[in-house]
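Listed below are the residues making up each chain.
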Amino acid sequence: MKGSSGNGAALLLIPAIAFIVLLFLYPFGYGLFTSLTLADGSFSLANYGRFFSDARDLRTIGVTLGIALPVTLLAVGMAVPLSYHMRRGVPGEKLITFFLIVPVTLGTVLVSEGMLSFMGPNGWLNQLILALRLADKPIRFTHNYAGVAISVGLQGFPYAFLMLLGYISGINPDLEKASRMLGANNWQTFWKVLFPLMVPGIAIAFCLNFVMAFSVFPSAVLLGQPSGPQRVIALAAYQWAFEKFNFNAAAAISMIMAAIELLVIAIVLGWRSKMYKGASIVGKG
Amino acid sequence: MRFRPRFGNALFMLAIAAFVFVVLGILLTVVLNSLSKGWYSGLLPKTLTTEWYKYASEDHDVPQLIGVTFVAAIADVLIGLLIAFPAAYALARSEFRGKSLLLSLFLLPMIVPPMAYGIPLAMLCYKLRLAGRIMGTIVVNLVPIVPFMILVLMPFIEQVGTNLESAAKMLGARRGTIFRRILIPLTTPGILTAGILSLVKSISMFELSYLVVGGRNQTIVVALFSDAYAAGARPPQAVDALAVVYFLIAMTCLLISLRFVSPTQMVFKLK
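Those protein sequence lines, which keep their order, are chains A and B.
When the first sequence is numbered by the numbering used here, its final residue is 285 and no position is left out of the sequence of numbers.
When the second sequence is numbered by the numbering used here, its final residue is 556 and no position is left out of the sequence of numbers.
Please note that a few of the clues may not be correct.
Claimed, not checked - Derived Cβ-Cβ restraints for the label pairs, each shown as a range:
1. A:S273 <-> B:T473: 36 to 44 Å
2. A:W187 <-> B:S511: 24 to 32 Å
3. B:L367 <-> A:A39: 32 to 40 Å
4. A:N185 <-> B:L299: 18 to 26 Å
5. B:D346 <-> A:A39: 32 to 40 Å
6. B:S342 <-> A:R133: 18 to 26 Å
Claimed, not checked - Distance condition first, Cα-Cα at most 27 Å in a straight line; then the derived BS3-like pairs of lysine-lysine:
7. A:K137 <-> B:K339
8. A:K137 <-> B:K412
9. B:K412 <-> A:K244
10. B:K384 <-> B:K454
11. A:K177 <-> A:K192
12. A:K137 <-> A:K244
13. B:K384 <-> B:K412
14. A:K274 <-> B:K384
15. A:K274 <-> A:K192
It is worth saying that the hints were derived from the structure and are not from the lab.
Even for Gly, the Cβ is constructed at its ideal location relative to N, Cα and C.
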């Protein structure tokens with residue numbers, strides 16, 4: 001019985017394994033190989049050397065981290081208290097979650113396109129700001145850092161929020177009641193009981209959000225200055241591949257992107273394991 | 286003590302209101318701009334026109350764009366289900382050595398930025414002459430879809446008890462029959478959820494499609510990006526007209542999907 005079900009499982013897994021090998025591992029390995037060779041096929045580290053010695057390319061790392069890290073921190077940082085507030089539902093919850101999911105569903109391209117008019121110098125946002133006398137002249141939200149950051153944040157915040165909302169509503173409410181019964185106030189209950197339980201969720205939400213923000217591409221092109229201060233690493237990789245047709249250089253940048261990404265994830269998961277030890281107390285309730 | 290929750294409530298409502306204002310503002314400006322003429326200042330456009338839609342439809346083969354978008358999205362959902370369902374079943378039902386390793390391997394595409402694996406994948410697509418065809422778009426977008434489907438499907442399969450399956454097996458049903466007559470009907474809600482969520486996601490997938498795009502076989506969101514990128518090549522209102530077409534499609538799919546799923550399911554479910 002056991003043996004047969006094991007074989008069956010192996011058979012059922014074949015399509016998925018073939019899929020992951022052919023469409024993910026193989027391309028990734030091919031990219032790694034390409035990044036370590038030159039156009040004539042000889043092995044070399046020159047593609048990496050070129051990236052790290054080209055000041056214009058090297059600074060894309062800082063530019064991208066400079067967008068992705070603050071935006072992700074802010075998005076997750078805002079999502080934690082807001083999802084905590086909504087953990088037992090609030091009036092109009094359906095409508096609120098609907099508005100949150102809209103920018104995620106529509107995607108960066110439409111959001112960035114719309115931001116160009118809405119947040120432009122004559123857009124509604126600036127008209128409101130001028131009418132409320134918050135500034136004497138229109139504030140620039142487009143074609144600069146703010147534009148890219150807002151556009152990435154508009155995608156990232158709902159994503160983190162809905163993810164944490166799903167997570168927090170799964171935490172056993174008895175734990176909170178117990179904490180209150182033992183005399184803890186709201187603040188203590190949040191910091192000492194709920195927050196530690198939320199840490200694994202926060203860590204994953206941060207990682208997935210960071211992945212999205214780190215490969216920011218359409219928003220940087222449409223809302224930033226893609227040839228200068230907002231030339232992000234994904235754009236550099238794209239330009240080497242499809243504008244200069246140097247696939248070896250492009251592959252090296254892809255590998256560097258993946259390495260930075262995995263490094264950040266490793267740091268976050270390290271923080272998580274330091275913060276969170278009691279796996280069993282999340283409890284199924 | 287009573288003051289604090291009220292204060293929290295006000296802050297919460299303020300944050301949500303600001304967010305809704307921005308989202309609605311963005312969408313309404315796109316719609317109004319696509320219908321306006323000479324709207325450079327003021328709260329509302331002075332003259333309304335539909336000429337930008339005419340312009341956009343002469344500029345692009347819009348039915349073709351919509352067709353490619355849907356063909357690619359539906360193909361991704363169907364192929365994705367064929368790959369993900371058996372895998373999710375095997376992962377949900379059987380214990381074997383290396384299971385958690387395999388699961389993390391399946392989820393790996395979620396934590397690597399799409400551009401990082403997308404560029405080598407696109408290079409392979411060019412080599413295999415898949416780029417520029419619908420097939421290329423379908424293939425690249427499968428990569429994020431399948432892990433997502435496995436994650437969505439697994440809890441649904443875990444919920445279905447093994448009793449019915451064992452009974453059917455005892456009565457001599459073969460594996461294929463069990464799948465067809467018992468498992469698939471019982472997990473229909475899960476299949477529906479995974480399918481609908483992936484369909485909504487596929488329609489708006491941009492980065493990977495953009496890397497293998499070519500000629501007439503582009504999805505509507507890729508065409509929209511290229512138009513917006515080449516600002517100046519056409520009036521911004523015409524770009525917004527195409528944006529509205531895309532917005533209507535994505536919104537319709539979202540509204541239909543929300544009859545079956547809740548917004549929290551649109552993001553990865555955390556366990």
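Practice task
Against the structure, test the hints numbered earlier, and report the numbers of the ones violated in rising order.
Solution key: 2, 6, 7, 8, 12, 13
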